[in-house]
Structures are given as structure tokens and as C-alpha cells.
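Asker: Protein sequence lines, in the order shown, are assigned to chains A, B and C.
Per the numbering used here, numbering of the first sequence is gapless, rising by one per residue and ending at 349.
Per the numbering used here, numbering of the second sequence is gapless, rising by one per residue and ending at 406.
Per the numbering used here, numbering of the third sequence is gapless, rising by one per residue and ending at 294.
A couple of the hints might just be wrong.
List time: in silico PhoX-like cross-link candidates among lysine-lysine, alpha-carbon distance up to 20 Å [unchecked claim]: (1) B:LYS196 / B:LYS170; (2) B:LYS405 / B:LYS196; (3) B:LYS310 / B:LYS72; (4) B:LYS387 / B:LYS340; (5) B:LYS340 / B:LYS310; (6) B:LYS30 / B:LYS60; (7) A:LYS152 / B:LYS405; (8) B:LYS30 / B:LYS297; (9) C:LYS163 / B:LYS310; (10) B:LYS340 / B:LYS352; (11) C:LYS58 / B:LYS297; (12) B:LYS310 / C:LYS115.
Across the chosen pairs, the derived CB separations fall in these ranges [stated by the list, open to error]: (13) B:LYS223 / A:LYS326: 54 to 62 Å; (14) A:SER170 / B:PRO307: 23 to 31 Å; (15) C:ARG186 / B:TRP8: 26 to 34 Å; (16) C:ALA78 / B:LYS122: 32 to 40 Å; (17) A:TYR187 / B:ASP69: 54 to 62 Å; (18) A:TYR176 / C:ARG186: 51 to 59 Å; (19) B:LYS340 / A:THR21: 53 to 61 Å; (20) B:LYS30 / A:ILE18: 51 to 59 Å.
Here are a few chain A residues that sit away from chain B, every Cβ distance over 10 Å (derived from the structure) [said to hold, decoys possible]: (21) GLY26; (22) TYR44; (23) TYR45; (24) VAL49; (25) ILE101; (26) VAL105; (27) VAL139; (28) PRO249; (29) GLN251; (30) LEU255; (31) LEU290; (32) LEU313.
Because the hints were derived from the structure by calculation, they are not lab data.
Where a beta carbon is used, it is the ideal one built from N, C-alpha and C, also for glycine.
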Amino acid sequence: MWRPCGIFDETYRQDMAIVRTPLRWGVLTVSVGVLLAAPLFCSYYIVSVLNTLAITVIAVLGLQIVTGYCGQVSFGQAAFMAVGAYSSAILTEKLGLSFWIAMPVAGVITGMYGLLGGAPSMRIKGFYLAVATIAIHFVTMWLVQHLEITGKSVGLPVSPPQIGPFAFDSDERMFYIIIPVMLAMTYGARNIVRTRVGRAFVAVRDNDLAAQVMGINIYYYKLLAFFISCFYAGVAGSLWAHYHGVCHPEQFQLLRGLWYIGMLIVGGLGSIPGVFFGVILIRALDESVLMLSPYFAQWFPWLGTAPAAGLGLSAFGLVLALFLIKEPRGLAHRWEIMKASIRLYPFAY
Amino acid sequence: MRTRWIRWAVVVISAAFLSWGLFPGVSWAKEVAFLDLSDFTGPVAGLALPSSFGIEDYLKDVNAKGGIDGVKIKYIGVDTRYDVARALSAYKSYARDPSVVAMEIVSTPVGKMLQNLLRSAKFVCLVPGDGEFQAHIGNFWPWGPTYQDAFAATIDWVLADWKKKGQSGKPKIAVLSWDNAYGREMLRGGKEYAEKQGVEVLPSELFPPGSLNHDVYLTRLEKAGVNYIYVGGVDPTQTNVMRDASRLGLPKKIQFISDYWGPSALGISLHPEALEGMVVISYFLRGDEAQNHPLLKRLWTTYRNQPADKMNEGYGMGVGAAITLVGAIKDAIKRVGADKLTREEIYNSYQKVTGLSREGILGPCAYSPTSRRGSDVVKFYKVTGGKIVPITDWVKTPDAVSLHKW
Amino acid sequence: MTEFLQLLVIGLLEGGLYAMVAVAMVLVYKSTHVVSLAHGQFMGFGALAFWFVLVQLKMPIVVALVLALCFAAAVGWAVERFAMRPLIGQPLFAAFLTTFATFLMMDGLFQLILKGESASFAAYLPLGSISVAGKPLPTTQLASFGASLLLFAGLAVFFRFTKVGLGMRATAEDHQLAQSTGITVRSIFSYIWMLSTVVATFAGIALANVSDIYFTLPYMGIKGLIVALVGGLDSLPGALLAGLLLGVLENVSAGYLDPIVGGGVKEVAAYVLLLLVLLIRPYGLLGLVRIERI
Numbered sequence: 001m002w003r004p005c006g007i008f009d010e011t012y013r014q015d016m017a018i019v020r021t022p023l024r025w026g027v028l029t030v031s032v033g034v035l036l037a038a039p040l041f042c043s044y045y046i047v048s049v050l051n052t053l054a055i056t057v058i059a060v061l062g063l064q065i066v067t068g069y070c071g072q073v074s075f076g077q078a079a080f081m082a083v084g085a086y087s088s089a090i091l092t093e094k095l096g097l098s099f100w101i102a103m104p105v106a107g108v109i110t111g112m113y114g115l116l117g118g119a120p121s122m123r124i125k126g127f128y129l130a131v132a133t134i135a136i137h138f139v140t141m142w143l144v145q146h147l148e149i150t151g152k153s154v155g156l157p158v159s160p161p162q163i164g165p166f167a168f169d170s171d172e173r174m175f176y177i178i179i180p181v182m183l184a185m186t187y188g189a190r191n192i193v194r195t196r197v198g199r200a201f202v203a204v205r206d207n208d209l210a211a212q213v214m215g216i217n218i219y220y221y222k223l224l225a226f227f228i229s230c231f232y233a234g235v236a237g238s239l240w241a242h243y244h245g246v247c248h249p250e251q252f253q254l255l256r257g258l259w260y261i262g263m264l265i266v267g268g269l270g271s272i273p274g275v276f277f278g279v280i281l282i283r284a285l286d287e288s289v290l291m292l293s294p295y296f297a298q299w300f301p302w303l304g305t306a307p308a309a310g311l312g313l314s315a316f317g318l319v320l321a322l323f324l325i326k327e328p329r330g331l332a333h334r335w336e337i338m339k340a341s342i343r344l345y346p347f348a349y
Numbered sequence: 001m002r003t004r005w006i007r008w009a010v011v012v013i014s015a016a017f018l019s020w021g022l023f024p025g026v027s028w029a030k031e032v033a034f035l036d037l038s039d040f041t042g043p044v045a046g047l048a049l050p051s052s053f054g055i056e057d058y059l060k061d062v063n064a065k066g067g068i069d070g071v072k073i074k075y076i077g078v079d080t081r082y083d084v085a086r087a088l089s090a091y092k093s094y095a096r097d098p099s100v101v102a103m104e105i106v107s108t109p110v111g112k113m114l115q116n117l118l119r120s121a122k123f124v125c126l127v128p129g130d131g132e133f134q135a136h137i138g139n140f141w142p143w144g145p146t147y148q149d150a151f152a153a154t155i156d157w158v159l160a161d162w163k164k165k166g167q168s169g170k171p172k173i174a175v176l177s178w179d180n181a182y183g184r185e186m187l188r189g190g191k192e193y194a195e196k197q198g199v200e201v202l203p204s205e206l207f208p209p210g211s212l213n214h215d216v217y218l219t220r221l222e223k224a225g226v227n228y229i230y231v232g233g234v235d236p237t238q239t240n241v242m243r244d245a246s247r248l249g250l251p252k253k254i255q256f257i258s259d260y261w262g263p264s265a266l267g268i269s270l271h272p273e274a275l276e277g278m279v280v281i282s283y284f285l286r287g288d289e290a291q292n293h294p295l296l297k298r299l300w301t302t303y304r305n306q307p308a309d310k311m312n313e314g315y316g317m318g319v320g321a322a323i324t325l326v327g328a329i330k331d332a333i334k335r336v337g338a339d340k341l342t343r344e345e346i347y348n349s350y351q352k353v354t355g356l357s358r359e360g361i362l363g364p365c366a367y368s369p370t371s372r373r374g375s376d377v378v379k380f381y382k383v384t385g386g387k388i389v390p391i392t393d394w395v396k397t398p399d400a401v402s403l404h405k406w
Numbered sequence: 001m002t003e004f005l006q007l008l009v010i011g012l013l014e015g016g017l018y019a020m021v022a023v024a025m026v027l028v029y030k031s032t033h034v035v036s037l038a039h040g041q042f043m044g045f046g047a048l049a050f051w052f053v054l055v056q057l058k059m060p061i062v063v064a065l066v067l068a069l070c071f072a073a074a075v076g077w078a079v080e081r082f083a084m085r086p087l088i089g090q091p092l093f094a095a096f097l098t099t100f101a102t103f104l105m106m107d108g109l110f111q112l113i114l115k116g117e118s119a120s121f122a123a124y125l126p127l128g129s130i131s132v133a134g135k136p137l138p139t140t141q142l143a144s145f146g147a148s149l150l151l152f153a154g155l156a157v158f159f160r161f162t163k164v165g166l167g168m169r170a171t172a173e174d175h176q177l178a179q180s181t182g183i184t185v186r187s188i189f190s191y192i193w194m195l196s197t198v199v200a201t202f203a204g205i206a207l208a209n210v211s212d213i214y215f216t217l218p219y220m221g222i223k224g225l226i227v228a229l230v231g232g233l234d235s236l237p238g239a240l241l242a243g244l245l246l247g248v249l250e251n252v253s254a255g256y257l258d259p260i261v262g263g264g265v266k267e268v269a270a271y272v273l274l275l276l277v278l279l280i281r282p283y284g285l286l287g288l289v290r291i292e293r294i
């Protein structure tokens, strides 16, 4: 691993640390503190955006592991979230479990389901696998819409999480469940990718033949990547269901799954901070288009309110396309370059 | 070079953020807002767009005449693109804005989430016709009669038609609709009503929206000996179904009836031969009745700058909803004064505007403390010679919602 | 038996349309290895251009077709030049997402033009039905099916006998080898995109002839993607075969399975078929089999 000059690891513990320097500890503590205090000074709207962002981050972290690290592209993350959401809803509402048990169990159930979803990766890779996951998405959502236990097309109501008599039934309260879970999941992802398992994922991604020659059981690791990724999706789905209080099949559309991959590529494949960049950038773009659409009507009165919304969609597409053309390696790549140049300032290299 | 455009992008995006952060905060005196979260793009745009046009234009017209006792109503239209996360965050950005006194939401999954969010609040939210909202009285106000009630009114019409044709025995009816929550909604209560009245309901045929061919479903229904087919879906679904049906020669044997989101006069003029003979149930004026309605004609030609025969009848539905909104605001102003227009007062007023006249575009308003139906009368139309002409006067819809076990 | 035959014929007709949509995508993938989502929009815009010239400007049908195809070629050229060429040598998924961004951009414009209405050129194209063996078959779908067969024949000739067509095949084989034999790979890419948008326009017109120009039209592109995968992403005959197969399967399964499971089978049949094909023949029915370990 590359080290900035002047920083030496003297003990094994230092060598293994995720947060390496006191400065980083400081920055981390302050930013987590500010984040946790957000409901105190942010508006209701910002808090709700943060909640949605955090849930999306969890789902995309899972995708980063399977796609960014293990190289198996999956468009099925939205369907896996649906599996998590529905299993959590069924566990809490029909079996009477508490949310605190249901959330991890839903994650494990989704992980198991993900083994099924990842099965085609034994035979195919690349784009063929990607589209196989689209098929898995549609088959899953079709089942959700036609099975008795998932409430068919009507959906299921879900109650908010509770500790004793205290119910987490508002955005501000759910914030204190969603954000810690997100932080824990980020920590987990950060650790997974630097263990033996994570290195095996990278080996499978970079050259599966070479990985096998080195003694890595690629089937095992591909399925493991799908399991972990779907565990993340399941937890995200469970949070989503309890946050919104309802599961409905039309909440989990294919377009979500496509967006998650989009966020990943905009943020940067194979980088945990990249997930944050991608999710935040795309959501910010989307939110600003959404909020600007009433103004489009004021700027172009001859169009009328509703068709002007089409302009918003076009603008969104245009910005996204420009971004991809100018920065196809993602924001994380740019972030690394920026970090290096700041560290080396005022020298060029 | 590369970093430069990134810098610009950051500036533009943050400026965009700031701009919407600042603007909605500025409030003008005596202005209330109506929030329209609608799918201007996406699968139900054909229904959402014209009705949003109607609401917007009627409110513009009211404002141009000086508002209601000086209070102006601002129309905020947000495109939700049939995406739940987007619609929800659009709602939340206005959720604590006191000037937003009422809203409208078209997509069913978002409605479900809001139902949960608005549990304790009193806030008028207009929705399409799910009967669920009549069964659980709350913040959600269907624009017109519920799907179930319209289906039940159809059953009454079917029985009369059956007798008129001199047939004996039980008529058989089947639903042919989209394979989603909407496609199944009319039978929750509608089925119970039909069975009570002695009409046999065959199993529904559900197909994915956007199907290219419906022969499979139509031939199966024909084989089951159906007499009436109730076709659901948003225009042009009915047109596509009818093109297949007329090719198979079915309209001679089976009477097709369209749900109230059925073909507009424009759609009918595109495929007159296929739709000939189809009966359309509607709670708002259709065809020439709508296009020659003085108010609608004036609004359409003034604000849309188009000839009246280009009007989609959904426009009238939007105008009707806007008249109700204005009526409720008037009532609230009369009760509490223009300075105290809160969501709760508008909510209370919505319960008090029972019987409000909608200039004949819709039947009299049926909102009340025990009813969430926008109206309880429908009209039957028939496609004859490429035109949609009325075959009945306003007919009261039976209550089918209460028959279902919710 | 007659019921089965009827389902079969209807399925074949529907499948011919699917095949046409898929061909456009196969063309692009074959030589550039980019999977394009934007083709759904190319269909929509092609049909819209055709409708505009034919119905709004009231030009004869041949002029409308020629103008629509020229328009399509221009769109294809522009997309290749401004969106795809800068991405040569970058990750393929960036290119895939760029086609998705193009899809969104065009979706907004599509909406702006249509304003919630549907457009139809029914009055100008064959309508009604022809009775074959006592069963009425839709003329619109028959005509579209015929057009799709013609298109396949034309493409087969093009790839076998013209210089550009041969160049495209060489490029599909290996970019560097093609370059070293004197083929300008860059302009071949340009031609490929133009050709594929032209094909997509054909498909769009044929589809719009069956179900009008409406919001759902661009979303048929997803169906095309599935067909292309079932047939093999780089095989033109595969696209035809898979399209027909899928059309038949959808209708037959809806005919026989719907009463058993309670409806909606037509939606999911395509995806189940896709999963099965991918598991049994990973490179599609007729796709080029790459011999490698996975």
C-alpha cells in the first residue's frame, strides 16, 4: 500500500488500522458528529433526503462489492431490495418478530435468495450476466405481485420499529436508525474488501483464469460476493420498508436497479468512497431537476407546466451523458488525483 | 483543463440547489398553493397531463380575476415520472410549507406511502379512483366515483341492456385490464355487487401494459361465453384492445364497455372503425358535450391556444377538481377568514362542499364527512359514427365499496 | 389444435416485430461491443418523424419514409460522433450508461412533442384483416411482419455483397486486424450506428402501425434487448429466430398457463426463457461461442 512520506507504521496494529493518522481521526469524528446532529439544524426535507441517500448508499455498497470488486454486474439490486423489504415486512407483521431481529434476518434471507440470483454467474459473465439479472428482477417482481403471502398487487403495511413504547415513526427518529446502520455497513464493506476474501474478489474480477490458477475457488467467491451484496440489499430493503411504512411492488422498478449501477459508475468502480460520491451526485442532480421543474414552466411559459417537465428529464440526461463522456472512470478517480496533488503541493510530483 | 469543467459543474449544481432552497421560502401575502405531484412523463401521462392542464388553467383564470376574495392560488406542478423515491422527496420538500393547502397525487404506490405519512395530519390529497380510500375515510379524496362504484353502475346498465335485448338468464361479464393494482381494484366490491344483482363475473383477464396483441385474452373470454367485457387501462389501451376485437369480429357478439379512463374524442377520431359501438362510462363530460361546454371551451382556447376540437376530455376532469378546490377555499375563507387558511381548515371545508355545482362538467360534488367520492353520478356514452354520444343522462352510482370486506 | 395454430400464428406475427427491434441492437453490439439502450428511443423518434411528414405535412408515403430514414441516419451519426466516439478505449459500461443517458434525454423530448396524446398514421397504412384458413389475421401485423422479413433479406445481402457490409463484418471480427487491412474502423463505427438507427426506425414505424406512437413505444427496446440476448448478441439470424420464438412462447404460455396460475404469464414468460437459455446456452441460441473458462 502506498504511504505518504513522513508517516511510518511502527506496530502491527498501526499497519492494520483503517483510520491511520490523528488528523484523519479528527476529521472522521467531526464529520460523523455533524452528520448525527443534522436533524437539529437541518430542515425536515434535508433530513428525509439524507435518509433516502443513506438507504441508497447501503444498497449501492452491496453492489460495489459484487460489481466493483468481484466484477459481476448485477442489475437486480432493486429486486433484491424488494426481497429484503418483503421478508422484513412478513417477519414483523405476520410472525410478530421485532424489527431489530427482522432486519438482519431479512438480510440473510435476501442473501440466500441472492445465491439463486447469482447462480447464472457460474455459466456466464459480462453483459450476458447483467441481462440475466434483469430477467431475475422481472421474475422476482412478478412473483411478488402474484403470491398470496406478499399481498399480491396491493402490498403490505409495515409498522415502524420500536424500543419499548418509543416508536421510530418520523423522519427525524428513523434518521437515528438509518445513519448508524449505514455507518456500520460502510465499516463492514471497507473491511471486507481488504481481507483475504476481498483480495480474492479483486483477483476474480481482474483475471478469473489467473485467480483459479492461484488456488482461488472462483465459484465459491462469486457466490459469496452475491451473498454479501444481497445481504446489503436486504438490509437496505428492510430499512426502506420500515421507514416508509409500506411495501408495494411498484416501489421496486427496474429503473432503480439501473440507477444503482449508474451511481456506481459515476462514483467509480472498486472504491468505497466512490459509492458516496456517485449516490450523492446523482441524487443531487435528480433533486435539483425535480425542484426546478416548476421553474421551467415560469421560464418557458409558452410550453406549459407539464411538458416543461420533459425539459428537466432531457437536462438530466444531458448532464449525465456529459459527465460520463468527460469522466468515464468515475469521481473516485478524480478524488484520488486531487488528494495526491494536495499532498504534494506545491510540487507537481 | 479537466478540473475546470468540474469546478463549473460544482458551481452550477450548488447554484441550482441554492435557487430552489431560496425561492419556495419567499411567500407572498395571501397566497395559497396547490401541489400537483403528477406523472407528466411515464405510463399514465395520457391521463395525468390533460387533467393537470385543467387544474392549472382554471386556477390561472381565477387568479386573473383577482383570486378568491383577494387570495390567489398558486399551482405547483412537479413531474414525478412514476418513480416513488422522487415523488416522495418532492412531497417532503413541500411537506412543512404552510402555504401548500392541498395536493394531488396520481401514482398508486406513492399514495400508499403518503397514507402512512399523513396518518395523524388533516390534509386534502386528491387521488384517482381507488375504492380503498372510501373504505378507510381519511386524507385521500378520489376525483370522482371509485372504480368499484363505476363498475357497479355498469352492472346496472348491463342488466337494463340485457332486458332490453329480450335475453333471459344471467348475463356474463368479465374484466380485461392491466396486470397491476389498478386492474384488480374494480372487482374489490364490484364483484360482490354483481353477484348480488345476479350477474355472473368471469375470471379477469390481466395483461401487461403495452401489449401488442390481445387475441389470447379475447378468444378465451369468447370461449367462456361472455356477454359483456369491461375494458380497463388508460387510453390508448382500450383502442388497441378494440382493434384486435373488431378484427376477430367480437363486437357483434359481445358488448365492450370501457372504464372511465377510456378513449378520448381524439383517440376515437384516430380509430373510429375499431371503436364503433363501444360503450364508455364516464363521470365527466365527453365528446362534443365537453368540447362545446362554454367554460371548458373558453379556458382551453385562451390558455392552450388550440382549437376546441383538440381538447382531451381529461381536461374537464381537471377543471372540475379545480372548481371543487376553489369552492372549498371560498368556504374556508367565509368560515375563518383569509388569514387563517390552514390545511386543516381546507380539509374541513372539503367535507362541507357537498352538492357544489361543477358547471355540469361533473355531477354535483359528493364529498362529505362520510364520503370521499368526488361525485356519485356517471353518464354512459356510445361510440357512434366516429363520435362519442351520450346514451343516458346522469345515473347515480350504487355503493359497491361497502360490500367488500376491507 | 386450431387454438394452438392460432396462438402460433399470432405469436409469429408479434415475434417478427420483436426480431426487428432486436436486429438494431445486434448490429451495434456486433461491431462495437456496446449494448445500447437508446434504440428504443430511436424507434420512437423514427416513427415520430415518419408521422410528422406523412400526417402533418401530408406528403406521399415514399417521401415520408425516405425523410424519416435520413433523419434516423443523422441521429445515428450524431450519437456516434458525440456520445460514443469519445468513449473508445474507456470501460464498456460507461458507454452503456451513456446510451441510457441518451435514452433519458430523448425521452424528455419525446414527451415535449407528444404532450400526453398518442399519434397514429392508421389512415395511411393497411388496416383490417385478411382471412387465412378461416382465421382473421391483422393486416397491420402481417404488413409489419412482411416488412421485417424483407429487412432481414436486405441485411443479409448487404453484409454479403457490399464493400461496407464486408468491412463491418471484418470490424466485428477484430478491430486491429480490420484496421491493418486498410478498413477505417472509425468510419465503420459511424456507418454501423447510422445503419442501426435506420433499422430501428423501420421497427418503430412497424410497431407504431400496430399500437400507435405512445409513451410505451420506446420501452419496447427492453424487449428487443431480451430477444437479442436469447438469440445471441452478435447473431443476426439468432435475432430473427429468437424474436419468433419469444412471440410464440409468450402467446402460447398466456393461452395455456394463464388459467392455471391466474393471469399475467405473458409478462414473465420472456424472462424465464431468457434465464433458461442463458443457463443452457450462455451465448444465446446462435451466438458466437467463445471457448473460455468461466
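Asker: Hints first: check each against the structure and report whether it holds.
Answerer: These are the hints, each one checked on the structure:
At roughly 12 Å between alpha-carbon atoms, B:LYS196 and B:LYS170 fall within 20 Å of each other, so this suggested pair holds. For the proposed pair B:LYS405 and B:LYS196, the alpha carbon gap of about 15 Å is at most 20 Å, so the pair holds. Restraint check for B:LYS310 and B:LYS72: not satisfied, since their Cα atoms lie roughly 29 Å apart, outside the 20 Å limit. For a cut-off of 20 Å, the pair hint linking B:LYS387 to B:LYS340 is broken: about 48 Å separates their Cα positions.
Taken as a hint, the B:LYS340 and B:LYS310 pair is broken in the structure, with Cα atoms around 41 Å apart against an allowance of 20 Å. This hinted pair checks out: B:LYS30 and B:LYS60 have alpha carbons roughly 16 Å apart, not beyond 20 Å. For the hint linking A:LYS152 to B:LYS405, the alpha-carbon distance of about 16 Å falls within 20 Å, and the restraint holds. The straight-line distance between the Cα atoms of B:LYS30 and B:LYS297 is roughly 30 Å, outside the 20 Å bound, and the hint therefore fails.
For the suggested pair C:LYS163 and B:LYS310, the alpha carbons sit about 50 Å apart, so the restraint of at most 20 Å is broken. Between B:LYS340 and B:LYS352, the direct Cα distance comes to roughly 17 Å. Compliance with the 20 Å bound is thereby established for this hinted pair. Restraint check for C:LYS58 and B:LYS297: the C-alpha separation of about 28 Å exceeds 20 Å, so the hint is violated. In summary, the hint linking B:LYS310 to C:LYS115 is supported, as the alpha carbons are separated by about 12 Å, within the 20 Å threshold.
Take B:LYS223 and A:LYS326: their Cβ atoms lie about 59 Å apart, and the range 54 to 62 Å holds. About 51 Å separates the C-beta atoms of A:SER170 and B:PRO307, a value inconsistent with the hinted range of 23 to 31 Å. In this structure the hint that C:ARG186 and B:TRP8 lie 26 to 34 Å apart at CB holds, the actual value being about 30 Å. As the Cβ distance of C:ALA78 to B:LYS122 is approximately 53 Å, the hint placing it in 32 to 40 Å is violated.
For A:TYR187 and B:ASP69, the hinted distance range of 54 to 62 Å is satisfied, since their beta carbons lie about 59 Å from each other. The beta-carbon spacing between A:TYR176 and C:ARG186, approximately 56 Å, falls within the hinted interval of 51 to 59 Å. A C-beta distance of roughly 58 Å is found between B:LYS340 and A:THR21, which places it inside the suggested range of 53 to 61 Å. As the Cβ distance of B:LYS30 to A:ILE18 is approximately 57 Å, the hint placing it in 51 to 59 Å holds.
Annotated as non-interface, A:GLY26 keeps its C-beta farther than 10 Å from every C-beta of chain B; the closest such distance is 25 Å. Not every CB of chain B lies more than 10 Å from the CB of A:TYR44, the least distance being 5 Å, so the non-interface label is violated. Not every CB of chain B lies more than 10 Å from the CB of A:TYR45, the least distance being 4 Å, so the non-interface label is violated. The beta carbon of A:VAL49 sits about 6 Å from the closest Cβ of chain B, which is not more than 10 Å, so the claim that it is off the interface is violated.
The claim that A:ILE101 is not at the interface with chain B holds, since no C-beta of that chain comes within 10 Å of its own (minimum 22 Å). With a least beta-carbon separation of about 23 Å from chain B, A:VAL105 lies farther than 10 Å from that chain, consistent with its non-interface assignment. For A:VAL139, the shortest C-beta to C-beta distance to chain B comes to about 14 Å, beyond the 10 Å cut-off, and the non-interface label holds. The beta carbon of A:PRO249 sits about 8 Å from the closest Cβ of chain B, which is not more than 10 Å, so the claim that it is off the interface is violated.
For A:GLN251, the requirement that its beta carbon stay farther than 10 Å from each beta carbon of chain B is not met, with the minimum near 5 Å. Not every C-beta of chain B lies more than 10 Å from that of A:LEU255, the closest at about 7 Å, which undercuts listing it as non-interface. The claim that A:LEU290 is not at the interface with chain B is violated, since a C-beta of that chain comes within 10 Å of its own (minimum 5 Å). With 10 Å as the threshold on Cβ separation, the claim that A:LEU313 sits away from chain B is violated: the shortest Cβ distance comes to roughly 6 Å.
The structure is inconsistent with the numbered hints 3, 4, 5, 8, 9, 11, 14, 16, 22, 23, 24, 28, 29, 30, 31, 32, although it conforms to all the rest.
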